[in-house]
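A.B. asks: So the sequence lines, in the order shown, correspond to chains A and B.
Residues in the first sequence are numbered from 327 upward in steps of one, following this note's numbering.
Residues in the second sequence are numbered from 7 upward in steps of one, following this note's numbering.
FYI, nobody ran anything at the bench for these hints, they're computed from the structure.
Every clue listed holds true.
In the EDC-like style, the derived pairs of lysine to aspartate or glutamate whose C-alpha atoms are separated by at most 20 Å in a straight line are:
(1) K477(A) with E158(B)
(2) K261(B) with E158(B)
(3) K477(A) with D161(B)
Derived Cβ-Cβ restraints for the label pairs, each shown as a range:
(4) P146(B) with L496(A): 36 to 42 Å
(5) I413(A) with L84(B): 26 to 32 Å
(6) V101(B) with F377(A): 26 to 32 Å
C-beta: ideal position from N, C-alpha, C; glycine also.
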Amino acid sequence: MTVKSTDRHPQRLHPLPLRIMHWINALAIIILIGSGWKIYNDEVLFGWLHFPDWITIGGEAQGALQWHFLAMWILMINGLCYLGYGIVSGRFRRKLFPIRPREIMANIGDALRFRLSHEDITVYNAVQKLLYAGIIVVIVVQVLSGLAVWKPVQFSELAALFYDFQGSRLVHFIGMAAIVGFIVIHVLLALIVPKTIGAMITGGPRVDPQPDKTPRNAHPPEPAQ
Amino acid sequence: MSTGTPSPSVFRPKDGIDQSVLEENRKLIEEIDRRKLLRGAVSLGALTMLTGCDVTDRGAVQAVLRAVSTFNDKVQELIFRPNHLAPTFSEAQVVKPPRFNAFYEITEVKPVDGATWKLELAGLIKDKRSWTAQQIYALPEQEWIIRHICVEGWDYIGQWSGVNFRHFLERIGADLTAKYVAFKCADDYTGSIDMATALHPQTILATKYARQPVTDPFGFPLRLRTATKLGFKNPKWITAIEVTNTYPGGYWENKGFNWHSGL
Chain A
327 MTVKSTDRHP QRLHPLPLRI MHWINALAII ILIGSGWKIY NDEVLFGWLH FPDWITIGGE
387 AQGALQWHFL AMWILMINGL CYLGYGIVSG RFRRKLFPIR PREIMANIGD ALRFRLSHED
447 ITVYNAVQKL LYAGIIVVIV VQVLSGLAVW KPVQFSELAA LFYDFQGSRL VHFIGMAAIV
507 GFIVIHVLLA LIVPKTIGAM ITGGPRVDPQ PDKTPRNAHP PEPAQ
Chain B
7 MSTGTPSPSV FRPKDGIDQS VLEENRKLIE EIDRRKLLRG AVSLGALTML TGCDVTDRGA
67 VQAVLRAVST FNDKVQELIF RPNHLAPTFS EAQVVKPPRF NAFYEITEVK PVDGATWKLE
127 LAGLIKDKRS WTAQQIYALP EQEWIIRHIC VEGWDYIGQW SGVNFRHFLE RIGADLTAKY
187 VAFKCADDYT GSIDMATALH PQTILATKYA RQPVTDPFGF PLRLRTATKL GFKNPKWITA
247 IEVTNTYPGG YWENKGFNWH SGL
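Kindly generate the complete structure, drawing on both the sequences and the hints.
C.D. replies: The structure is reproduced here in structure tokens:
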């Protein structure tokens, strides 16, 4: 006997697979940024910018390269699982879309007047949606520019997308800067509303996976057996 | 140890293999077992938070990192496109002189005497007669204007000419099914590449830069130039070439840089 999926057991806000993928991703990103800074230091793009050794990962250049090319696999495999999960489960559609420019402006206005509500952490506001959807796009581009830096000949078509090898390096650097910027905002906001951190560890409140707000005509109720 | 030389390889030290490296790293070698590898994998996460701290399991972590680097060699061999040409450029884009790279400064370069220089051949090669500079320079030349990319991140466009390496390997009767081609250099630098890269159309034994003989700092009289590898995989001042199925390593590779290092 199997239990049919008509049994709509309310899920956690952040289901277990999602939480695991979130923290694996966080770890991979930290390794990639720390080792990437060390690799960058050997041939800087901007003369005024060197990363102090104590915030880099890997020790010497070869160690940093080894860490970078280990963490790249973790990021890519975990990232593909995350994208697959987000699309198949409908989580992206439910939580990140639609993103309406008018709501973004309203949110920013509220935030500046300290009126932004943090009561319900199960619904993302428009700025959150924009940041969360945006960082997914940034990381996808970051993986592509990284592949172009790693293999500018085997993936020469990809490198040409970023102009050339140095273009790929520059895009890879800008992508890193965008991710660091995201992490600063993301961590800061999470610290302001600490229950969001708890939710990413324990799963948070149970929520109806198919809220009434979103009409779901694609799946008519199945006949009872 | 004085066990003598089991093979006439020019890559084998005359006094037998240097055991001191093995002694120094005995602890590391003993630590490469599966359980420790697994434990290393588990502690990878915690380690990233402790970069400034002393790590007791450093040997195990190193083993994991090297294992992944070896895995990455295999991946790079799989994605290598044998007949896919690297981008080429116009003569106007060529940087003169080229940019120097070595494990020491340009002022420390010891010029090689072209009159007494010889290229020795070893390993899986039918005709192991050595070559003089004159003989090498008489071979048919081809020219490539290609990008040199250093593992550090810099690059420049260079104009290299010399005999196509596949042509040379065929001419000396090298076993083209062997895995590796190893190089020994006048400055004691060593390096090795995979056979697929050796046979790539844009891999040459370069004797000229910008149509002039290669100058001392850039490898006179003979250096490797391949469009599909990072800069350090292009040995200069080559004195010996060996075709082999035994992993030869290399100067930077032995220090932990990725062996394949393809572009």
